[in-house]
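A.B. asks: Sequence:
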Amino acid sequence: MQSTRTFKDRIFLVIKGLAMGAANKVPGVSGGVVAFVAGFYEEFIYSLQRVNKTAFKLLFNGRFKSFYQYINGKFLGLLFLGMIVSYFSVSKILDYLIVNFQLYVWSAFFGMILGSIYYISKDFKAWNSKTIIALILGAVIGISISFLDPAKENDNLWFVFFCGIISVSGMTLPGFSGSFILILLGNYVLLLVDSVNALYDTLSDIFTGNFEFIKNEARIRMLKVLSIFTLGSVAGLVTFSHVLNYILHHYKNITLATIVGFIIGSLGVVWPWKETIYKTNADGSHILDSTGKQVIANYKRFFPEATTETYIAIAYIGLGILIVLGLEWYGQRTRQIKT
Numbered sequence: 001m002q003s004t005r006t007f008k009d010r011i012f013l014v015i016k017g018l019a020m021g022a023a024n025k026v027p028g029v030s031g032g033v034v035a036f037v038a039g040f041y042e043e044f045i046y047s048l049q050r051v052n053k054t055a056f057k058l059l060f061n062g063r064f065k066s067f068y069q070y071i072n073g074k075f076l077g078l079l080f081l082g083m084i085v086s087y088f089s090v091s092k093i094l095d096y097l098i099v100n101f102q103l104y105v106w107s108a109f110f111g112m113i114l115g116s117i118y119y120i121s122k123d124f125k126a127w128n129s130k131t132i133i134a135l136i137l138g139a140v141i142g143i144s145i146s147f148l149d150p151a152k153e154n155d156n157l158w159f160v161f162f163c164g165i166i167s168v169s170g171m172t173l174p175g176f177s178g179s180f181i182l183i184l185l186g187n188y189v190l191l192l193v194d195s196v197n198a199l200y201d202t203l204s205d206i207f208t209g210n211f212e213f214i215k216n217e218a219r220i221r222m223l224k225v226l227s228i229f230t231l232g233s234v235a236g237l238v239t240f241s242h243v244l245n246y247i248l249h250h251y252k253n254i255t256l257a258t259i260v261g262f263i264i265g266s267l268g269v270v271w272p273w274k275e276t277i278y279k280t281n282a283d284g285s286h287i288l289d290s291t292g293k294q295v296i297a298n299y300k301r302f303f304p305e306a307t308t309e310t311y312i313a314i315a316y317i318g319l320g321i322l323i324v325l326g327l328e329w330y331g332q333r334t335r336q337i338k339t
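Everything in the sequence shown is counted per the UniProt record's numbering, starting at 1 for the first residue and increasing by one.
If you are wondering where the hints come from, they were derived from the structure by calculation, not from laboratory data.
Accuracy of the hints is not assured; some may be wrong.
Unchecked claim - Beta-carbon label-pair distances, calculated as ranges: (1) 305 - 100: 14 to 24 angstroms; (2) 144 - 319: 27 to 37 angstroms; (3) 251 - 211: 46 to 56 angstroms.
Quick caveat: nothing in here was measured; it's all calculated off a predicted structure.
Glycine included, each C-beta is placed from N, C-alpha and C at the ideal position.
Could you build the full structure based on these sequences and the hints that come with them?
C.D. replies: Quick look at the structure:
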């Protein structure tokens with residue numbers, strides 16, 4: 001799986017990491033789709049499953065170069081660099097765009113997922129009764145998840161560790177949004193907003209020589225939550241990669257069909273013209289959680305009216321499709337040049 005990469009390849013790998021990191025933070029969008037469409041999904045899974053007993057033996061014996069080569073460190077390092085940078089930059093921009101231009105952002109994501117479905121399925125020739133059942137099952141699971149009601153926020157560290165394991169599924173399972181699962185578990189804001197902001201504020205304080213945050217119990221608690229969440233994510237990433245590598249090796253066609261189903265099912269989550277419904281009391285007042293936020297019941301979906309805004313949104317759907325097709329074109333061109 002390892003190959004010699006040019007400087008241009010390395011830059012694009014970091015950019016792909018940026019895209020994966022941003023996608024992982026958006027509810028309903030899977031970073032695994034980026035890996036799948038950009039053509040490095042199997043190398044990604046293969047590299048992660050190399051983080052095993054042999055790798056740790058090399059590491060603990062001080063054979064750092066061998067460890068780095070064994071786990072395909074150059075590939076993983078560049079990819080995770082992009083993800084980390086994305087977490088504190090691109091994803092912040094994305095948060096702003098979702099708040100201020102929600103319809104257009106979701107339209108672009110909807111188009112990208114449509115393009116992903118085309119990209120993954122166009123060369124898939126192994127359709128039979130088993131793969132069709134896998135496709136339908138994946139779609140049903142994806143759709144069913146989108147209709148579940150979110151739970152309440154829970155900062156218990158064992159539960160946070162579990163959330164880390166689950167949330168990383170979006171990186172390894174295309175179409176399965178880890179951030180949306182966090183919403184259902186009630187911990188999206190806690191783990192992907194509040195704790196990240198606490199880390200950002202802490203790093204800013206350290207760079208300015210201000211260490212007063214040490215006395216801030218709430219800040220320390222958030223940092224502890226983020227640390228446990230990160231450990232859970234690493235554990236989940238390695239575990240899922242081993243399982244998926246085995247499944248891809250032994251049941252590749254069924255796995256691909258299921259992934260296409262997941263992606264089709266996720267279209268409901270990112271439908272641009274959706275309306276949030278909040279839980280209400282008998283008197284019509286909003287039900288609030290322990291943090292004072294309105295409790296979401298689910299999304300009401302409806303078809304858009306024929307307005308200028310709608311036409312612009314449809315154009316963004318087209319743009320999303322073109323982005324994926326552009327990635328496909330770039331991937332094919334790169335492979336042709338190397339061969």
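A.B. asks: Hints numbered earlier in the text: which of these fail when held up against the supplied structure?
C.D. replies: Going through the list in order, the structure violates no hint and respects every one.
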